[in-house]
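As a plain string of letters, each chain reads:
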Amino acid sequence: MKRELRLMKGNEAIAEAAIRAGCDGYFGYPITPQSEILEYLMEEKPHERTGMVVLQAESEVAAINMVYGGAGCGKKVMTSSSSPGISLKQEGLSYIAGAELPCLVVNIVRGGPGLGTIQPAQSDYFQAVKGGGHGDYKLLVLAPASVQEMADFVELGFELAFKYRNPVMILSDGIIGQMMEKVYLNPQKERSSENLEWATTGKPAGSERTIITSLELDSAKQEVFNQKLIDKYREMERSEVRVEEFQTEDADYLLVSYGSSARICQRAVDLARAEGLKVGLIRLITLFPFPKKRLEELAGSVKGMMAVEMSAGQMVEDVMLSVCGKVPVVHFGRMGGIIPTPEEVIENLKTKIIGG
Amino acid sequence: MSESFDKKSMIDEANLAYKKSEVMTENVLSYCPGCGHGTAHRLIAEVIEEGDLQDKTIGVCPVGCSVLMYNSLDIDMQQAAHGRAPAVATAVKRLMPEKFVFTYQGDGDLAAIGTAETLHACNRGENFLIVFINNAIYGMTGGQMAPTTLPGMRSSTSPHGRDTILMGNPLKMTELVAKLPGTYFVTRQSVHTPAAVRKTKKALRKAVEYQQQSKGTCFIEIVSNCPSGWKMTALQSNEWMEENMFPFYPLGDIKVPEE
Ligand SMILES: Cc1ncc(C[n+]2csc(CCOP(=O)(O)OP(=O)(O)O)c2C)c(N)n1
Ligand code: SF4
Numbered sequence: 016m017k018r019e020l021r022l023m024k025g026n027e028a029i030a031e032a033a034i035r036a037g038c039d040g041y042f043g044y045p046i047t048p049q050s051e052i053l054e055y056l057m058e059e060k061p062h063e064r065t066g067m068v069v070l071q072a073e074s075e076v077a078a079i080n081m082v083y084g085g086a087g088c089g090k091k092v093m094t095s096s097s098s099p100g101i102s103l104k105q106e107g108l109s110y111i112a113g114a115e116l117p118c119l120v121v122n123i124v125r126g127g128p129g130l131g132t133i134q135p136a137q138s139d140y141f142q143a144v145k146g147g148g149h150g151d152y153k154l155l156v157l158a159p160a161s162v163q164e165m166a167d168f169v170e171l172g173f174e175l176a177f178k179y180r181n182p183v184m185i186l187s188d189g190i191i192g193q194m195m196e197k198v199y200l201n202p203q204k205e206r207s208s209e210n211l212e213w214a215t216t217g218k219p220a221g222s223e224r225t226i227i228t229s230l231e232l233d234s235a236k237q238e239v240f241n242q243k244l245i246d247k248y249r250e251m252e253r254s255e256v257r258v259e260e261f262q263t264e265d266a267d268y269l270l271v272s273y274g275s276s277a278r279i280c281q282r283a284v285d286l287a288r289a290e291g292l293k294v295g296l297i298r299l300i301t302l303f304p305f306p307k308k309r310l311e312e313l314a315g316s317v318k319g320m321m322a323v324e325m326s327a328g329q330m331v332e333d334v335m336l337s338v339c340g341k342v343p344v345v346h347f348g349r350m351g352g353i354i355p356t357p358e359e360v361i362e363n364l365k366t367k368i369i370g371g
Numbered sequence: 323m324s325e326s327f328d329k330k331s332m333i334d335e336a337n338l339a340y341k342k343s344e345v346m347t348e349n350v351l352s353y354c355p356g357c358g359h360g361t362a363h364r365l366i367a368e369v370i371e372e373g374d375l376q377d378k379t380i381g382v383c384p385v386g387c388s389v390l391m392y393n394s395l396d397i398d399m400q401q402a403a404h405g406r407a408p409a410v411a412t413a414v415k416r417l418m419p420e421k422f423v424f425t426y427q428g429d430g431d432l433a434a435i436g437t438a439e440t441l442h443a444c445n446r447g448e449n450f451l452i453v454f455i456n457n458a459i460y461g462m463t464g465g466q467m468a469p470t471t472l473p474g475m476r477s478s479t480s481p482h483g484r485d486t487i488l489m490g491n492p493l494k495m496t497e498l499v500a501k502l503p504g505t506y507f508v509t510r511q512s513v514h515t516p517a518a519v520r521k522t523k524k525a526l527r528k529a530v531e532y533q534q535q536s537k538g539t540c541f542i543e544i545v546s547n548c549p550s551g552w553k554m555t556a557l558q559s560n561e562w563m564e565e566n567m568f569p570f571y572p573l574g575d576i577k578v579p580e581e
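Going down the list, the sequences are from chains Y and Z. The first sequence lines up with residues 16 to 371 when you count with the numbering used here. The second sequence lines up with residues 323 to 581 when you count with the numbering used here.
What the hints contain is simulated information worked out from the structure, not anything from laboratory work. A couple of the hints might just be wrong.
[Stated by the list, open to error] Partial pick of chain Z residues on the chain Y-facing surface, computed with a CB cut under 7 Å:
no., residue
1, Gln376
2, Asp377
3, Asp396
4, Asp398
5, Arg406
6, Ala413
7, Val414
8, Leu417
9, Met418
10, Lys421
11, Ile435
12, Thr437
13, Ala438
14, Lys537
[To be verified] Negatives, chain Z to chain Y, calculated, CB over 12 Å:
no., residue
15, Ala336
16, Pro355
17, Glu372
18, His404
19, Val423
20, Glu448
21, Asp485
22, Ile487
23, Glu497
24, Pro503
25, Lys528
26, Thr555
27, Tyr571
28, Pro572
29, Asp575
Yeah, the Cβ is synthetic: ideal placement off N, Cα and C, and Gly gets one too.
Work out the full structure: start from the sequences and follow the hints.
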């Protein structure tokens, strides 16, 4: 497969990858630091390139409900936003999960709470991996750490969304959204014209009608449905966990991180090794499903773990749950849009784990 | 349906004024006796059947008493979040432009929580039909004040009558959307008498025709009753509607295409 090499911003890579993945519809609302996605799409006239529909909605609420409508027709549809806008989408996401519809949602996270800052953060982890909206449901969450992965995870995200009929979120941040890197882009995929049997495409004569709904007034049936969702999430945990490891084989101390923080940690590992400290890194690519098993295994070989994330400490709770107290787990993070340095990471590792 | 209810023995074919549309399912309607929702459903089903549109229709019903509309109509349907049907329908129509798409929304849905989605869909001129059931109350949740509740009208959240200084004025969404460039056909009808039913059906037929020509948004308000929410019998509610609702929400076409 011949891939085209381009120099792009992370946000642009998502947009271009969406057109090339055969996406049928994008619905979004401007917000920094992700507006380039909608801007790039409008500039590219995907309607002429592939027939893809792109619409600037009146709000994030409208955009996610447009995604619901398009997904209900069996179409490959997506939306993108940043933290405050993603909060507005939560009811819609809950409906999409409850109606078992596939879609892709991109969150280019900025610091909060409230209007917060337009600078990058990783403070929407809980919202992304624990459900976010009301009711028992999960999103499958992918965390890219490069512009290349921003592009690659669009296609992967759609694939997983349709495999599980579940919303998939790309959880990124303003660093990766705004930075430019080289990226290899896949060739154009054709948009699918297939009529999926669960989708509303007009009831063909002589066959059953299709209903897209998340409503079930019979509690017994609702519980059966809840169990079905749980089974789906367990299957994701068995089959879809993705991580990348750096120098974990002989590591005494483990950094656990994702997205742009993981890139900083990678540099921190090199610096620590140069000092003679045996530090390794596990970079989480899927945040849900969470790599519980692998962390549990690593807890058997390391002396301690430090979760590094640009938040007050969110992912660290899942790390603690995974290792069940076998080794000490601490957190290091900067907030408010401050990006940690590799030196700070090592310093904190020394004071919080190695020295303590 | 209960076994003891034998339609054949109860309904003599010779006396039938009309037949149940093939586009209605056998499911029992979930509405209170005398409620206008059921009649409105029937008319939509008939128009779909007459237009041979069953395989081309995608309906969107949001939250409200009509949330279970998909149990009554034998067509593909999507159930939308409260207020969001016009956003859902926007994507359905844009991604399936050859289909006939409609939303069916209550007044709480369309004129309160979903005001933005409704106005913007109409303003963009999305090519679908909005059927707006205005019963001046929140039926499903037990009779609370709606954006369309009349001044002085009682509801469970305006138990002393709607005080417009405290609670604001009723919103005439239909007049509002008629002003927008995206709407093509805007009318206000009712379904409480045989004559009114015929007029509403005619309006629905026109809307279906205009939709097929992709002329913009069609908007049909049906001023309707809510005997349970209004705490009246079905007959009383229809009289009350004529005396109180129609003067405030006058029936008739508001925006018609230039011939
Ligand atoms: C986000 C949200 N808020 C509130 C509700 C509760 N709710 C359900 S239906 C409804 C109002 C229904 O009134 P209307 O739209 O006028 O339809 P009707 O039942 O009268 O036909 C409300 C407030 C909900 N389901 N979702
Ligand atoms: S509550 Fe009112 S609107 Fe709802 S079904 Fe009963 S009468 Fe009709």
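These are the hints, each one checked on the structure:
Because the beta carbon of glutamine 376 of chain Z sits about 6 Å from the nearest beta carbon in chain Y, less than 7 Å, this interface hint is met. For aspartate 377 of chain Z, the interface hint holds, the least distance from its beta-carbon to any beta-carbon of chain Y being 5 Å, beneath 7 Å. For aspartate 396 of chain Z, the interface hint holds, the least distance from its beta-carbon to any beta-carbon of chain Y being 6 Å, beneath 7 Å. For aspartate 398 of chain Z, the interface hint holds, the least distance from its beta-carbon to any beta-carbon of chain Y being 4 Å, beneath 7 Å.
Annotation: arginine 406 of chain Z was flagged as interfacial toward chain Y, and the flag holds, the nearest CB pair being 4 Å apart, inside 7 Å. This hint holds: alanine 413 of chain Z has a C-beta 4 Å from the nearest C-beta of chain Y, less than the 7 Å allowed. With 7 Å as the threshold, the beta carbon of valine 414 of chain Z comes within range of chain Y, its nearest partner Cβ sitting at about 4 Å, so the hint holds. Of the supplied interface hints, the one on leucine 417 of chain Z holds, with its beta-carbon coming within about 5 Å of a beta-carbon of chain Y, less than 7 Å.
At a threshold of 7 Å, the smallest CB-CB gap from methionine 418 of chain Z to chain Y is about 6 Å, leaving the interface hint in force. Restraint check, lysine 421 of chain Z versus chain Y: the minimum CB separation of about 6 Å is within 7 Å; hint holds. A distance limit of 7 Å between C-beta atoms decides the matter here; for isoleucine 435 of chain Z the minimum to chain Y is near 10 Å, and the interface restraint is violated. With a cut of 7 Å, the hint placing threonine 437 of chain Z at the interface with chain Y is violated, because the nearest CB-to-CB distance is about 10 Å.
Checking alanine 438 of chain Z against chain Y by beta carbon gives a least distance of about 6 Å; that is within 7 Å, so the hint holds. Residue-level restraint check for lysine 537 of chain Z is violated (minimum Cβ-Cβ distance to chain Y is 19 Å; threshold 7 Å). For alanine 336 of chain Z, the condition that its CB be more than 12 Å from all CB atoms of chain Y holds, with the nearest at approximately 30 Å. No Cβ of chain Y comes within 12 Å of the Cβ of proline 355 of chain Z; the nearest lies about 20 Å off, and the non-interface call holds.
Look at glutamate 372 of chain Z: its CB is around 16 Å from the nearest CB on chain Y, clear of 12 Å, so calling it non-interface holds up. Its closest Cβ contact with chain Y, about 9 Å, brings histidine 404 of chain Z to no more than 12 Å, contrary to its assignment away from the interface. With a cut of 12 Å on Cβ distances, valine 423 of chain Z falls inside the contact zone with chain Y, its closest approach being about 9 Å. For glutamate 448 of chain Z, the condition that its CB be more than 12 Å from all CB atoms of chain Y is violated, with the nearest at approximately 10 Å.
Every CB of chain Y is more than 12 Å from the CB of aspartate 485 of chain Z (nearest about 30 Å), matching its label as outside the interface. Every CB of chain Y lies more than 12 Å from the CB of isoleucine 487 of chain Z, the least distance being 30 Å, so the non-interface label holds. Look at glutamate 497 of chain Z: its CB is around 20 Å from the nearest CB on chain Y, clear of 12 Å, so calling it non-interface holds up. Every CB of chain Y is more than 12 Å from the CB of proline 503 of chain Z (nearest about 16 Å), matching its label as outside the interface.
Remark: the non-interface label on lysine 528 of chain Z is consistent with the geometry, its nearest Cβ contact in chain Y lying 22 Å away (cut-off 12 Å). For threonine 555 of chain Z, the non-interface assignment is confirmed: its Cβ lies about 27 Å from the closest Cβ of chain Y, beyond the 12 Å cut-off. No beta-carbon of chain Y is positioned within 12 Å of the beta-carbon of tyrosine 571 of chain Z; the least distance is around 26 Å. Every Cβ of chain Y is farther than 12 Å from the Cβ of proline 572 of chain Z; the closest lies at roughly 29 Å, confirming the non-interface assignment.
Distance to chain Y confirms aspartate 575 of chain Z as a non-interface residue, since its nearest Cβ pair spans about 27 Å, more than 12 Å.
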